[in-house]
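Here is what each chain is made of, one letter per residue.
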Amino acid sequence: MSFRALLFLSAWMFATGIFGVLSRRHVVALLLSIELLFNGVNLALLTFAWAYGALSAASLAFLGIAVTVAEVAVGLAIFLLVVRLTGKAAADELKQLAG
Amino acid sequence: MQTASLLPVWLVLATLGLTFLVDLSGRPRTALRVAALGGLVALLSLIWTPDGAFLGLSVDAYVRFAQAVLLGAAVLALLASPPYMRHFRMERLAGDYALLLLFTLLGGMLLMSVRDWLALFVAFELLSIPLYAAAALNKRSPEGAEGALKFFLFGSVSSAFLLLGVGMMTLVSGSTAFSSVVVREAFLPAGLALLLVGFGFKVAMFPFYFWAPDVYESAPTPLVAFLSVAPKAAGILILFRILQEVVLPAGLSSALAWVAFASALTMVVGNLLALPQTHLKRLLAYSGVAHIGYVLAALAAGTAEGAGMSLFYFTVYLFSNMGAFLGVAAVEMMGLSPTLEGVAGLYRRSPALAMSFLAFLLSLGGIPFVLGFWSKLFVFFAAAQAGLWVLVFLGALLAVVALFYYLNVARWMLIVEEMQEEPAGPPPAAVVALVVMAAFVVVVGGLVPQVLVQPALLAAGG
Amino acid sequence: MKAFYLVLFAPFVSFALLALWPGLRRSGKPAAWTSIAAVAVSLLSAIALFFQYDGGVHEVRWVWIPLAHFPSLTVGFLVDGLSVVMALVVALVAFAVQVYSLGYMSEEPPASLGRYYTYHSLFTFSMLGLVFANNLLEAYIFWELVGACSYLLIGFWFYKPSAARAALKAFWTTRLGDVGFALGIAVLFAHFGFLSYDKLFALEPSHALFLGLLGVYVGAMGKSAQFPLHIWLPDAMEGPTPVSALIHAATMVAAGVFLMVRLMPALQHTPELLHLVLWIGAITAFLAATMALVERDIKRVLAFSTISQLGYMMAAVGALSAGAAFFHLFTHAFFKALLFLAAGSVIHAMHTNDMFAMGGLARPMRWTMILFLVGALALAGMPPLSGYFSKDEILVATAHAPVPFALLMITVFLTAFYMFRAFFLTFTGEPRNPESHPHESPVVMLWPMGVLAILAAVAGFFGSTVHEMLNHSLGFESLHSGEEHHPAWIPYLGLGLGLLGILVAWMGYARRIFRPERVYAAFYPLAKVLEERYFIDHIFLLLYWLGYNTVATVVGFVDRYIVDGVVNFVTWATFEVGKALRRFHNGVVQDILLGVVVGFLILAFFATGF
Amino acid sequence: MNPVFTLLVVLVMAASLGVVLSRSVFRAAYFLAFALVGTGFLYLGMSPIFSAVQILLYTGGVLTLVIFAVMLSGKPELSTVFHRPAQGLIAALLVFFALLSLTARLPEPPEPRTIPVDVFAAYFFREGALAFEILSLLLLAALFGALAVARKQGGEG
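Protein chains in written order, with the numbering used here: chain A, 244 to 342; chain B, 480 to 941; chain C, 9 to 618; chain D, 28 to 184.
Think of the hints as simulated: they come from the structure by calculation, not from any bench. No residue lacks a Cβ here, since even glycine has one placed at the ideal position from N, Cα and C. One should not assume that every hint holds.
[Claimed, not checked] Straight-line distance between alpha carbons at most 25 Å, and here's what the computed SDA-like set of lysine to any residue pairs gives: (1) A:K331 x D:Y57; (2) C:K207 x C:G188; (3) A:K338 x D:P136; (4) D:K179 x A:G342; (5) C:K207 x C:N479; (6) C:K587 x B:H758; (7) A:K338 x B:H758; (8) D:K102 x A:F246; (9) C:K587 x C:L501; (10) D:K102 x D:F123; (11) A:K331 x C:F592; (12) C:K37 x C:T82; (13) C:K587 x C:A172.
[To be verified] Only some residues are given here: those of chain A computed to face chain B with a beta carbon under 10 Å: (14) S245; (15) A292; (16) V315.
All chains should be modelled from the sequences, with the hints used to inform the complete structure.
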């Protein structure tokens, strides 16, 4: 277990998530990428908590997981609505709103 | 009686419960009215709410002032909603809509009074997540769903940044409470940078504002009216507290330079983007971005005056901007499209609406004698006192650009002939009454601004 | 001294009536009479105020916005010599113009006429408010209101695209100046914490004072059409002619000069700024006059002339001679309003602005011709008409600065030349458009012009009164006069140049335009002399074409394509940048999420301390 | 370095890549599960309670939702996977380096210690009580929101 390696992994997951969010087309893939983002953040928070003995960061990671689940629930409901109304699951095809 | 300091919060919670019960009994429209009434009662209860701290939530004059702005925005939006929902045949969802709006309101009110990072994060999310759902409520509109999806994606991505930022801020002081103690200095700049990403999204600051025009264009207009004021006010005002209680005492004075930088860019980009717009809701969205640039100038001053001035700014903004959005809602309910062509000749169709619009546009543009002039002037004073002359100069220059697009809207409404062929119905009386009332405040307030300025300054406690 | 409440608020009452009572406004004539009655009350009270005036400085003041941490803002009114005279001028010209408009605007539909008079009432009120203001902030507020009325009236015929465009151009250009004004106020307030005149006048010279006054001057440049912010004024002629007479000749455009005169006790501490004012004023006077040389539109000739005369006034301000500036403002208000109204009378009859489509109007419009001639002679500085005295004072005041003085002297010649070019083209010779059947304007239009003509003729004799009133104004006791002893030849040279201008206009222009046989018949002896000096005449024509025309064309080119172009370019570029930024909003959520990432990267860059 | 730890890190890194690179959304979801469970194992040494939460609740909950959503929408994959991948790659690399440089400035930790469950619980319910209360409201709001979005409006097309 190494502090730097864990932070490296956290940054890796976060950056991968950023890539996914910016470059995947499927809305669900975007959601999964957002999960990666949050997981990267949670890993960083727990690493801090473990390394510095900072329970505050761990508490926040705990809340973070719950918030993520709530977000995903609303996000998936919106995704289903989008599919129902437009028949499209690719985020980059949804561009009625622009300018 | 420490619990009394949370009186408005309790009242909104009670309203939530009551609204839920009424909605459950199959009367969604009544639920909407109950929510509005409850909000109004909570707003009035602020008069008797004392200072105090309870459950880690502390309330002082600043918090009460901010909560009044949030409650005012919610009440205006809820009052304008029933006719809007009826017109767009969304009445079955009126109860859900009211509940989501109340949840958001609660999130904002709690956010104003939190004093620890954990609660800050959760309250922040409570201010966000119900709004994603509420933006998607018009299920006949594919654009509505698209806008909601963009809103959700933007919010989620930035809240990942925020979560990390809040985590780092707790590590700075080694405690969950807001505190100026610095244990691990290295976390402070990184934490603040990440925090600003999350807040940047919430207040639609450059370059985190991209969601705003799309969501504003597609979401139900009364909700947008709320969305354009309350979350921004909550975000900026709590950011003020964080800067004053944590960041500046901890010695990161360059934070003010970051904010000044963001202020300049936000003003420039918001105003320039508003210029070529033809859709009123998009135009107001970008102009809202520009206005955040102005408030950020007061924030960048980092003084108690700055805090007082931004309280005042949001009070003014509450009336001018919500008034404008509710006016747009009335236009939509007349069967007109909310674009420049759609509102052409509005004066002939509804003089009251068009003249109120003129008042809002003048106020947003900062023309003397209306409220918006004073809010801009005082923000400039606050920035000038802190020596931020570049911001003052830029702001004054961009105010010219802003006037151009605001007056262009006024020109279409008052001077250009009607263009839309199909006959427009009369605007709903209830909404027009709200709009005229807001216009009245904007005009009369412009003559006696001290009525608002002094309480705002006192509340900021400088 | 209570009369000033009546002076100020009578137009406000009529504005409120017209604005809040749509029935009255839409009725047309009754609305007009309401407004005229109000301005008549205002005028009578102003006259009463003038005669009651006891030579003191009276001020009423209230605290407007008591602030906890900023110094409080006060509002109030200042009644002293300067405001009393200025209010009299404003009320008088406003009254004349409003009466005249009854005839000029008689073809407007009632609702439109009501709207016209509503704007007029608001304008008169705001202009008087600006005159009586006792602090810069209040002045700024009225300043903006006056500007707003000006845009509304320039764009009064909004269905004409050129009128709408002109209103927009006026808006942009003067707003640009107003940004300077607002910043100046902000500097002064932030640095000193007060804006009322009496406190500002007590200040010692300082850097902040210079910056603040510079800002105010930039505002005055916009309103008073100083180079290079003058470009809006010629276009502003798209509005109804009475509006041009009132707002764009006599009162609003003079507001910049008025403000500078008002601030003279403070300006004397900033000699560098005054130097700038002098130079810009002289350059403006000269350039505008050259531009008037080749103009075909009679109203635009007058507009250029207004710019040029405002340049004179500013030059006098710059020469520390507030008295000369204000005196010229005083006389100019009468003769320029008169000229505009006379031009309006011609336009009303001919339905065109083009002087080359007029001609021979002396016979059908005898009264108009006489009135125009009085105005033109006054403007050209012919004694004993008013312009002679006031222009003379300015020339004397600026004599210590050789280059501006020379420019102003040359301008005297040019002014006489272009004015009489306009006069000859319009009133003499044969009608160039046989289709038109011009007729004299109705009495309701002639009377106001007559009153103004009398004033334009005799106003010059009130020089000592004006100076004395000015000495009774706030802060002026401490001011030393800029006039020292100057050579006695200045008035003669000025007069000579003016006469020469008239002569050359007649020689060069009349000969070039009219058919030779008619010129022979009418002016045989002089033409004979000219014929004998045929060669010189040709040289003159050649010089004219090579010299003046080239200068005028070049200046016109610079004006149209460079100064104008810069303004248009800035407008265009702002829009283009907006549109370019819009391209980032392509609606694709993945692409716009890039905003969050970029923002994070910027902030992270800050956070790592670069 | 502990070989098990190194292996786990490499596996999680690979699984993260799998999430964003795999063609089918189903497969991406499995990769996410893999990454989440892998992280959960990493948590074992830091805070066992988190390990449990991560593996039992989070992974299960999120994945069930995702798979439901994909099945309800009936669109598990698209003809093209990526939208402007180069842009995303550059941005991701920049973010990666930005995060690394931000964390590189952090001080070396004194001595990392596993967080005992009871200590954490006591801390959380003392310091995080308010946040927890608000969290309950948030979950309620999200539930309402999701239901409201999913509900039929009546008479819609």
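Results for each hint:
| no. | hint | result |
| --- | --- | --- |
| 1 | A:K331 x D:Y57 | 23 Å, holds |
| 2 | C:K207 x C:G188 | 21 Å, holds |
| 3 | A:K338 x D:P136 | 47 Å, violated |
| 4 | D:K179 x A:G342 | 31 Å, violated |
| 5 | C:K207 x C:N479 | 18 Å, holds |
| 6 | C:K587 x B:H758 | 14 Å, holds |
| 7 | A:K338 x B:H758 | 16 Å, holds |
| 8 | D:K102 x A:F246 | 41 Å, violated |
| 9 | C:K587 x C:L501 | 57 Å, violated |
| 10 | D:K102 x D:F123 | 31 Å, violated |
| 11 | A:K331 x C:F592 | 23 Å, holds |
| 12 | C:K37 x C:T82 | 39 Å, violated |
| 13 | C:K587 x C:A172 | 23 Å, holds |
| 14 | S245 | 18 Å, violated |
| 15 | A292 | 9 Å, holds |
| 16 | V315 | 8 Å, holds |
When each numbered hint is compared with the structure, violations occur for hints 3, 4, 8, 9, 10, 12 and 14.
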